[in-house]
Amino acid sequence: MGIDASSDAAVSLNKKTRVLPLVLFHTSTFFLFFAIFIALYFGLHKFLTAQNLLVLVGSYIFYAAWDERFLVLIMASTATDYIAGLGAAGRQISRRVALKTAAFLLIGSGVALGATIAESWQFFAAVVVFVGAGALALRHATGLEEASRRKFWMTISLIVNLGLLAVFKYFNFFADSLATLASGAGLELTWTTLYIALPVGISFYTFQTLSYTIDIYRDRMKPTEKLMELAAYIAFFPQLVAGPIERARNLLPQFFKRREITFERITSGAMLFAWGMYKKAVIADNLSIIANDAFASPDTMTSAGLWLGLIAFTFQIYCDFSGYSDMARGIARIMGFDLMVNFRLPYFSRTPSEFWRGWHISLSSWLRDYLYIGLGGNRGGGLLTYRNLFLTMLLGGLWHGAAWTFVLWGAYQGSVLVVYRIAHIDQWLARPLSPVFEFTRSAITMAIFFFLTMIGWLIFRANGLDNLATYFDGLFAMRALGDTGSLTTVLKFIVPLVIVQILQAHYKKLEFQFDVTPFLRYNMYLFVLFSIVALTYQGEVEFIYFDF
Amino acid sequence: MIVDIFKNTTSGRFHSPGKIALILLCAPIYILIFGEIFMRLFAGVALMPRYVTGGDDGIRRNIPNSAYSQTSQEVDIEIRVNSQGLRADRDFPLQKPEGTCRIAVLGDSFFMGYEVDIENSFSYLLESKLADANQPCEILNFSVSGFGTAEYIVSMESRVLPFDPDLVIFELHQTDLRENVISNLFTLDDGQLVRTGNNYLPAIAVRDKLMQYAIYRWLIEHSQLYSVIREHAGKTVKQLLLVKNTVKNYLSNPSGATGNSTDTAPTQNSPEDLLHALLERGRQLSNENNAEFLLVDIPNGFDPPNYYSVLDIEMKDYDLPANFHLASPMNVFTRPENSKKKYYYQKGHLHLSIEGNRVVADVAAQAILSKSLLAVTGADHSDVERASTED
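If you read the sequences in order, they're chains L and X.
Everything in the first sequence is counted per my numbering, starting at 7 for the first residue and increasing by one.
Everything in the second sequence is counted per my numbering, starting at 918 for the first residue and increasing by one.
Excised from the complex, chain X in its bound form (with noise of 0.2 Å):
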């Protein structure tokens, strides 16, 4: 049945060994046009590469000083990325400047601004409305797509804290929880953070030799087939990385590791045991460093107007707003009256759209401005707070 192509329709028999060499020679080309006008014409994919290498520090980093662009049915952006691996139009002296005030965003795709170009990015909105508000303050971008919270703690050791912010601004989202299980770089050991990988780089390796061919750089910001393979390809990986450090995590500590949070017995161990475990070292570290910190909450966009928050579902028990500096869009995004607004994009990876970055940014602007999170006082805040209470 499956070996009849190899056959002749008519009489029944096997073609020639030639013929049959050439029609499993041309087969999968054939597949490979046959999948990519097939993506073209029904599937419209996204094309969403990411540009990330291997940095000293064991975890993803941006590859500096790449340019790429984003295309879905609803976008087509340019991302570029400064010689020090930040989304920035120019470099930052690690020696901050007299009287500057710095403010470090920590994230993952959606602090980096994908789907947006940067002028419409979460950091570049926070930094003029800080402007606005007469609180000039230069932000740097260290997110990098991919990033949960226990890259961040790593990232903010080695790439943050040399630039002396005032200010640690940390995303949180729903796929934080299971990222920092994925990652591996930390654990909890009777409720205690350690850290247990020493590296990060899934998949690393094998994209760095690609990327020195200029026709895989080309495929992977033109070529709508490859696209899906790759996304399909790293979630199965996730998929499997993540049991398989559940397992381990289960087998090292049987009482805890289960990640749910309704079993009856407490746990110590669960993703968002380790979540909340980070994030109180990301405070600790920017308090130990003369920084302010604030958690700003991305809400899950998959069903609008039905959004929801790691805050209120997963985290609820933790209580974050009551020990945390904490900044989210909920209350403006689920307004009855904000309900056929679009804060995500639907057709590429479900990213902020450029209002969602502002309302973001407004709400963050508010939160530093109201809890004067800022070293630099005495301006006039009241455009900032206007501006996000009419949202």
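Chain L extracted, bound-state conformation (with noise of 0.2 Å):
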């Protein structure tokens, strides 16, 4: 390809900025925020605007601990997305809600950048340009006719929150992808780079909030008036900086009634959360420690100690982030709130449509309703679809990171897709067997797609292609299978998980525990406790999809 694509890995997976503890949820920082927090919010249970209003000066104190500076980021998608949602829906915007809204993004910025607004008196600046751009898109869309309003108002909200997406996220990745190939063709391109850091989670929230102002264009639900309960729902701290993504047909109107607060979903969130810690800070932390060394150095290891390796990124991934979308949806939960499910046993898919319906689902879905089906979905017959699965996944793998190797990934996923499109599985799995034959079935499918699936993390996690290359090299090399030091490290941490998803997938219920005995039940949940007492691993290991 002629392009150094390591250091584009680089970029993404190092060049970013600590993650302050607070942002963490299984540190001490945030269960200290946490307590006082949810003790104030229970305090507040019979006043819904104060506890809404706490939710969202919450959600900014917990992203502001990272980094004030892109608050600013947020409350810009927010304030657009409030106006362009009223606008999508075809609605005239009052000179009251313009000025609200210009006051939420001024104040707002001022308070968040106050401290420390000698230093970032730009970005001050840049909220001051934005609202002042703001005032000439309104004066421009009050003339327009009610459908190209609403035309006019979706395209803002696109070319804001994307164009956040692309100078935070892509400028550095495409101009010094540029700035390489153009070297390779003999011409010096130079500029000045922007090492900004990458805020985080903001692939989640400008999704979210993009989704929002989409749904009232297609006219599948109401815009609100309510600009705190729109901000609270943006910025709801449990999900705001990995998801999951949630759309707002879904998590908006919950804010707009009183939330149930009982003793059994207290408890029971709780316990979702502890099993989420369990798989983050147990489970993937420690893998991290195999996975890390496989991949930092694939040319110094055995060919059994590489797949060890791979089998540890593979589980560390899954549990790294199912692990944190479990942990959201816990606090969520005690606050009174339900999100959506995430993860749903994708290692136990035997196709790639399976598989996502099962990983990362609010992203899978999201690509699928505003993407795929914005492509035009199947309606093109064969050829056209294959493209719209290959595209949507391609700009799927871009979604999570601005690396080369996730370009590859995501190409690599709309093939698989593709083929097994082509291949009619799904549908050949679709056809009743004997019930021998229906589980051999199963299994061969399984293991041969759960192999797919790791040389899909392998592509992912590879630092450049370069690595990626030597460790796909050392793999099939068969280079002493002697050294499996790290294997029963491996076994000690996944055979607990998959006895634990075999359950689920035998009781069809991600929370089965009130379907075994109290006496089970109970020494399931001594295990994690036990575990998240004895097993958490000690170092900083932030969640992979913090860089997304």
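For the record, the hints were derived by calculation from the structure and aren't laboratory data.
The structure presented is a predicted model; accordingly, all values stated were derived computationally and were not measured.
Glycine included, C-beta positions come from ideal geometry on N, C-alpha and C.
Hints are supplied without guarantee of correctness; some may be wrong.
Distance condition first, Cα-Cα at most 25 Å in a straight line; then the derived DSS-like pairs of lysine-lysine [what the hints assert, rightly or not]:
1. L:Lys157 to L:Lys228
2. X:Lys1259 to L:Lys498
3. L:Lys515 to X:Lys924
4. X:Lys1165 to X:Lys1152
5. L:Lys498 to X:Lys1264
6. L:Lys106 to L:Lys263
Short, incomplete list of chain L residues facing chain X, as computed with Cβ under 10 Å [stated by the list, open to error]:
7. Phe456
8. Thr459
9. Pro502
10. Phe525
11. Arg527
12. Asn529
13. Leu532
14. Phe533
15. Leu535
16. Ser537
17. Val539
18. Ala540
19. Leu541
Make the complex out of the two chains shown on their own, each in a separate frame, by following the hints.
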């Protein structure tokens, strides 16, 4: 390809600003924050508006603990989609609404940047310019016909949200890649590269706000005139930095009714949180040591070591991300909110379509609803459907990070999806067989697809294309199979998870604990509790998806 | 939901009061047994008891004449303490015999030699190294697990100086920054070191009481569950003390005490300032008593081979190498050819391994000899220097 992909991967994986403990759910700092927050939250149970305001302020404090400057981006996105949502419904924006939104953005930015205004005045200046541009857009939209006005505001939402992503996530990637490509052709391209830290969670909340306006534009929901509730929905701290990407249709209405807070919800939320913490702090973080070692120097590892490293990463990424989602859902449940299930036993999938119905469901369904269907879905017949599938996965790969390995991973997932579709594997699997053959067929197809998934994670995790090639070569080179020192560690962390997932599949329920006897249930609780106490990795490992 | 353990699963009715009482009685025992089995099967927790009590000088000391074991997946060693509370197999006369050279070592569990037998501890290896270089010197190890620099200073005045050492060695480790704030024995008042607390004896009263019982002594050396609980409790208490003392220092001096050396305004009461002042005091006390003073850096070994030293990070602005006699194994630890060497045990409490102790003793011996920190001179030091450079 002639492009130094390793440097791109380094940008994505290494050149990041350290995330402070407050935004890591499993740290004592977060526990302290949440203890104070939830006490106030419960205290305000009878006052819905005050409770929503607390959620908004708490969420902004939570995010500002990482970097208060980037709070301005969330506010800008919120202000845009508040107005754009109303406009996309065909409404004229009143002066009162416009002034309220401008005040929210200017005062909010002023408060957020207040302490550091001397160093970050550019951010405030950008907000002022942004408000000015908004005023011009409002003036322009007022004179438009309803249909054009709806389209106009929809376009504005797309430009602002995708523009934020383009600048803060992809600018360096494309600028550097273009410069490298040009220098390969003997051209010297010089410009100042914006070495901006990737704002945590930007990919999540921009997609969330976009879905709000698109759904209104498509007449699937009505816009809200309540700015504070919309802002609280967009910045809702349990899922702000790593999802699930909640549709406004599901989460926003929950801000308009008094939340149910019961002992059962609190305890089940706490247990879901503990299960997520077990997956993240115990399984993912411990497996990360083995995976990191393997990917750091694949040329010095034996084939067995590389396979173990890849298996370790396969479970690390699942436990890291699904663990975070479970924690987010657990926290939200304690607060009386219901967030969507984001993972549903993806490693038991037999085909890619099953996998994407169980992996990062909030993103894959977002891509399906707003990208794949937008591209035409399967309406154009064979070739067009394959193209749409491929493009959706390619862009889905790029969503994960600004690096060529992510693009390649997206292309790989798209290709696998297309090949399975051409071969009609899903239809073949839908044909009933006798139980013995059914089991055998499922086991074989599951094993094949798990292998393909692992290869996908190899592409995803590799530190650049050279690293990928070395690792891939080492896997199949059969270089000394003797080194299995980490096998026990890998098994120690994977086996309990697999047992639980088999039970989840058996009971067809993710939270199956009430379907088993109290004795077994309490032993499971004790196992998780003691694991968290004794096996939590003592180093600092951030959530992988914080980089996305 | 929670109470269903007290109910009959089929009828849904509560058990009889007697059965509920039995469940309440048995549940804690079951949890403890479950926990112990879990730790042994899945966690393999290191058993690192520490036998410490309170000293008359208000700080901790090793329990005299104690002997206990430490075990992990990597080590199985014994700690023996003499009647003076030093890790040694013999007692030392207070009066230094004529012509004897003495070195006092002050540190925490690293210099106490946790996870290694005495023959492989820093003090013992340093003594051997100096003897090999024709500079025999007896080494008195005053280290106590959990100590910080503030406790070294208190210890120097009450325990060390009466032995009239020729050289005092202070261990320098990243945890000193935190320990000095937690102990609250000293603070800075406008840059001046002030003794604030009379004593720092965390959980010693409880520990002393419990140590009277043989079952407790058996437990601390054999129960992995107890070990985990103790570690978590210790960490939590320290964290709370750190918060409390930081807030207290901040309230007494809002302009400083932030602990954040990256602030634009210069602070004079940060943990780094406090550590620096304590080191200055250590040197001053040593020099006033005709002893030389040496700092020995113990890098952080949490993520080998990515070691880091407090000298290069938190204390970088203080340029300690220019202001103190200092020995650091960083150059040896971070050489590419040494990346596979095991300088720290990873399955226990991250103490120096035998190899780690050997390297630290080597660099300390080299510093002592090359800087002529001991009064006895004229010896041939080539053996030590060669050994150090070969590492």
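Verification of the supplied hints:
Using a Cα cut-off of 25 Å, the hinted pair Lys157 (chain L) and Lys228 (chain L) holds, with the two alpha carbons roughly 16 Å apart. Between Lys1259 (chain X) and Lys498 (chain L), the direct Cα distance comes to roughly 24 Å. Compliance with the 25 Å bound is thereby established for this hinted pair. Distance hint between Lys515 (chain L) and Lys924 (chain X) is fulfilled; the C-alpha atoms sit about 24 Å from each other, no more than 25 Å. Between the alpha carbons of Lys1165 (chain X) and Lys1152 (chain X) the distance comes to roughly 20 Å, so the proposed pair stays at or under 25 Å and holds.
About 16 Å separates the Cα atoms of Lys498 (chain L) and Lys1264 (chain X), which keeps this hinted pair within 25 Å; it holds. For the suggested pair Lys106 (chain L) and Lys263 (chain L), the alpha carbons sit about 23 Å apart, so the restraint of at most 25 Å is met. With a cut of 10 Å, the hint placing Phe456 (chain L) at the interface with chain X is violated, because the nearest CB-to-CB distance is about 25 Å. With a least beta-carbon distance of about 27 Å to chain X, the hint placing Thr459 (chain L) at the interface is violated under the 10 Å criterion.
Given hint, Pro502 (chain L) at the interface with chain X, holds; its Cβ is 9 Å from that chain's nearest Cβ, closer than 10 Å. The restraint placing Phe525 (chain L) at the interface with chain X holds, with a minimum CB-CB distance near 8 Å, inside the 10 Å limit. Proximity of Arg527 (chain L) to chain X holds as hinted, the smallest CB-CB distance being about 9 Å (cut-off 10 Å). Given hint, Asn529 (chain L) at the interface with chain X, holds; its Cβ is 7 Å from that chain's nearest Cβ, closer than 10 Å.
For Leu532 (chain L), the interface hint holds, the least distance from its beta-carbon to any beta-carbon of chain X being 5 Å, beneath 10 Å. At its closest, the beta carbon of Phe533 (chain L) sits 7 Å from a beta carbon of chain X; the interface hint therefore holds under the 10 Å criterion. A cut of 10 Å between beta carbons decides the hint on Leu535 (chain L): the least distance to chain X is about 9 Å, and the hint holds. About 7 Å separates the beta-carbon of Ser537 (chain L) from the nearest beta-carbon of chain X, less than 10 Å, and the hint is met.
Given hint, Val539 (chain L) at the interface with chain X, holds; its Cβ is 6 Å from that chain's nearest Cβ, closer than 10 Å. Nearest Cβ of chain X to the Cβ of Ala540 (chain L): about 4 Å, under the 10 Å cut. The hint holds. Taken as an interface hint, Leu541 (chain L) checks out: its beta carbon lies about 6 Å from the nearest beta carbon of chain X, inside 10 Å.
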